[in-house]
Amino acid sequence: MAEPLVRVQNVFKSYYRDRLEIPVLRDINLDIARGEFLGLMGPSGSGKTTLLNLIAGIDRPSAGTIMVDQQDIAKLSDRQMANWRSRNIGFVFQFYNLMPVLNAFENVELPLLLTRLSKSERRRQVETALGVVGLSDRMDHYPNQLSGGQEQRVAIARAIATDPDLILADEPTGDLDKQSAEDVMSLLVQLNTEYQKTIIMVTHDPRAAESAHLVQHLDKGELAEREAMR
Amino acid sequence: MKVLKLISRNTVRHRLRTSLTILGMAIAVMAFCVIRTAIIAWYASAETAAPDRLIVRNAISLTFELPISYGDKILEIEGVNAVSHASWFGGVYIDPKNFFPRFAVDAESYLAIYPEYPIPEEQREAFLRDKNSAIAGIQLADRFGWEIGDIITLQGDIYPGTFEFVLRGIYTGAKENTDEGTMFFHFDYIDEVMRQTLPGRDGSVGTFVVRIDDPARAAEISETIDALFVNSLAETKTETEEAFTLGFVEFSGQIIQGLQVISIMVIGIILLVLGNTMAMTARERINEYAVMKTLGFRGPHIVGLILGESVVIAVLGGLLGLGLSWLVIPGMRAALSVFLPAFPLEPITLILGFAAALLVGILASVFPIIKALRTSIVDGLRIID
Ligand SMILES: Nc1ncnc2c1ncn2[C@@H]1O[C@H](COP(=O)(O)OP(=O)(O)OP(=O)(O)O)[C@@H](O)[C@H]1O
Ligand SMILES: [Mg+2]
Chain A
480 MAEPLVRVQN VFKSYYRDRL EIPVLRDINL DIARGEFLGL MGPSGSGKTT
530 LLNLIAGIDR PSAGTIMVDQ QDIAKLSDRQ MANWRSRNIG FVFQFYNLMP
580 VLNAFENVEL PLLLTRLSKS ERRRQVETAL GVVGLSDRMD HYPNQLSGGQ
630 EQRVAIARAI ATDPDLILAD EPTGDLDKQS AEDVMSLLVQ LNTEYQKTII
680 MVTHDPRAAE SAHLVQHLDK GELAEREAMR
Chain B
308 MKVLKLISRN TVRHRLRTSL TILGMAIAVM AFCVIRTAII AWYASAETAA
358 PDRLIVRNAI SLTFELPISY GDKILEIEGV NAVSHASWFG GVYIDPKNFF
408 PRFAVDAESY LAIYPEYPIP EEQREAFLRD KNSAIAGIQL ADRFGWEIGD
458 IITLQGDIYP GTFEFVLRGI YTGAKENTDE GTMFFHFDYI DEVMRQTLPG
508 RDGSVGTFVV RIDDPARAAE ISETIDALFV NSLAETKTET EEAFTLGFVE
558 FSGQIIQGLQ VISIMVIGII LLVLGNTMAM TARERINEYA VMKTLGFRGP
608 HIVGLILGES VVIAVLGGLL GLGLSWLVIP GMRAALSVFL PAFPLEPITL
658 ILGFAAALLV GILASVFPII KALRTSIVDG LRIID
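Each protein sequence line maps, in turn, to chains A and B. Under the numbering used here, the letters of the first sequence match residues 480 to 709, in that order. Under the numbering used here, the letters of the second sequence match residues 308 to 692, in that order.
Hints are supplied without guarantee of correctness; some may be wrong.
Here are the computed lysine-lysine pairs in the DSBU-like style, where the Cα-Cα straight-line distance is at most 35 angstroms [as the list claims (entries may be wrong)]:
id : chain 1 : residue 1 : chain 2 : residue 2
1  : B       : K404      : B       : K438
2  : B       : K678      : B       : K312
3  : B       : K309      : A       : K554
4  : A       : K657      : A       : K699
5  : B       : K404      : B       : K544
6  : B       : K309      : A       : K598
7  : A       : K598      : B       : K482
8  : B       : K678      : A       : K699
9  : B       : K482      : B       : K380
10 : B       : K482      : B       : K404
11 : B       : K544      : A       : K598
12 : B       : K544      : B       : K482
13 : B       : K678      : A       : K554
Hints listed in this document are in silico derivations from the structure and should not be mistaken for laboratory results.
Using the sequences and the hints given, assemble the complete structure.
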């Protein structure tokens, strides 16, 4: 069997508030194959965001290892980790988190500023990404001139601008109406099938979860059996 | 590049807040420049003093006079090469608010000892010939629209009576900081009137001006002069013109120190103003910084954003403040010319004002930067506005 793209092994995570240990994740083991579309479900507070953050390399586990593409990311320094994130991870947030002072084009260009790409190469890449999400005609619109669904699609364009293998989405449809949510989901499915992106998506929405190949349930910091969707 | 765009767009994000901060900074920088200029002006007023001039006055106080006969005795002292005298006239020109300094002097010797008040030769001769005449500084003449030949009437108080003078000369200061706001006329004219109307009020003068050969001997000659009149009816106190001016200008050294402290406090205030704005700004953007960090931006980028915005605001406020100073100080110079002959907005003041603004810009960003760097990505993302 081929190496999984993501391998989470014996991961524990606790937060500390006023010296009090708050265990959030307990002995998580999870393999995600390349090209997978994994849905992560579970009650509020069960640790879904925390697990996603660990895989994204924006937080570190208290114990255990996380291998992404054979790289033990816990071994990276903060600086290396930032670098690694910018090249390997596309992150989609529930509340889009676009820069309000930048227009759609500039928001998508933002992660590319950290690369060595020339201005014209960046432009081509931004235009491609905005084309994929179907917003080529909204490039100079600012976030407050876009609908929620459009904002989220710009955010997805930003996540794929650097062409990362792994896309992590934390409740990407959580703040959207039904129609926009369906648009965003079909976009994610398209990224998975057409562009071979591996996707891990946290969601509360069973309809959204239907788009995933597999769904993992997290409860009180522990993983339950996986459930195949299709 | 793009980061500059982000900084400039962030700066205009809260227009009102940014404008108020810039305005507050501008007013404070202007206050700073005005205070510094006042301090410079005060020192400049003493700098106009010549090192070879001594002032002799009554030992009791300036309001007590000295017999005019002292002049000849002082001139006999070895090392003294010229003596003149000047008496504060006081009085009113039309209205008490038209205040300007007026001195009754021994004209010929006075103009010889004060080369910084040059007047054209024919005006000088006309002035010396005519006992009822006067000369005035160009600023003063401009202020009241006086021209040569005009009659100027003063109502005396220290020297009671109504006095009419014909303006015979207008002087332009020899140096940039020379006072151009004073009127001089003949002591003889005043003294003659006193002799007729108030016998006994005549024959005494306010101060003697003594020119010496060697400034290094100022202390020694001062002592000699004072020793000459010790135990007489009017004992004297002699000091260099500089010491006299510094003591005379009502600003005392303590007030100057106070001004220095205030100018530093003004900087402290702008630090609070900008610091507050930047703290609010950075707090609001903690979530955005976390997103940027998620995308791979690191500490230096965040520092650049916050520092950049703070410095942009500070520089704008500073420049506006310098502009305001440049507008306001000439007006103050005119208004204060009576008290402070020079009120120069010097380059060093502008540089200091700008440097202060820049420093404030840097300092104001320190705490927001520390806060932004200390907040982990995870905590930053959990803050949803
Ligand atoms: N930075 C933190 N500091 C302290 N406690 C935290 C932190 N992040 C998460 N937690 C706690 O960890 C637990 C899991 O949080 P997490 O955000 O991962 O849950 P979640 O499954 O994503 O919930 P939701 O569905 O509401 O988003 C919660 O009890 C939360 O309070
Ligand atoms: Mg969550």
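Hints, verified against the model:
1. With a C-alpha separation of about 27 angstroms, the suggested pairing of B:K404 with B:K438 holds against the 35 angstroms cut-off.
2. Between B:K678 and B:K312 the CA atoms are separated by roughly 23 angstroms; this keeps the pair inside 35 angstroms, and the hint holds.
3. Restraint check for B:K309 and A:K554: satisfied, since their Cα atoms lie roughly 32 angstroms apart, inside the 35 angstroms limit.
4. For a cut-off of 35 angstroms, the pair hint linking A:K657 to A:K699 stands: about 29 angstroms separates their Cα positions.
5. Proximity of B:K404 to B:K544 is assessed by CA-CA distance (about 32 angstroms); at most 35 angstroms being required, the pair is judged to hold.
6. Distance restraint check for B:K309 and A:K598: the Cα-Cα separation of roughly 11 angstroms lies within the 35 angstroms cut-off, and the hinted pair is therefore satisfied.
7. Distance hint between A:K598 and B:K482 is unfulfilled; the C-alpha atoms sit about 59 angstroms from each other, more than 35 angstroms.
8. For a cut-off of 35 angstroms, the pair hint linking B:K678 to A:K699 stands: about 32 angstroms separates their Cα positions.
9. The hinted pair formed by B:K482 and B:K380 meets the criterion: a straight-line CA distance of about 32 angstroms does not exceed 35 angstroms.
10. Between B:K482 and B:K404 the alpha-carbon distance is near 28 angstroms, which keeps this suggested pair within the 35 angstroms criterion.
11. Proposed proximity of B:K544 and A:K598 is contradicted: the alpha carbons are some 80 angstroms apart, above 35 angstroms.
12. With a CA separation close to 29 angstroms, the supplied pair B:K544 and B:K482 stays within the 35 angstroms bound.
13. Our distance criterion of 35 angstroms between C-alpha atoms is met by B:K678 and A:K554, whose separation comes to about 26 angstroms.
The structure fails to meet hints 7 and 11 from the earlier list, while all remaining hints are met.
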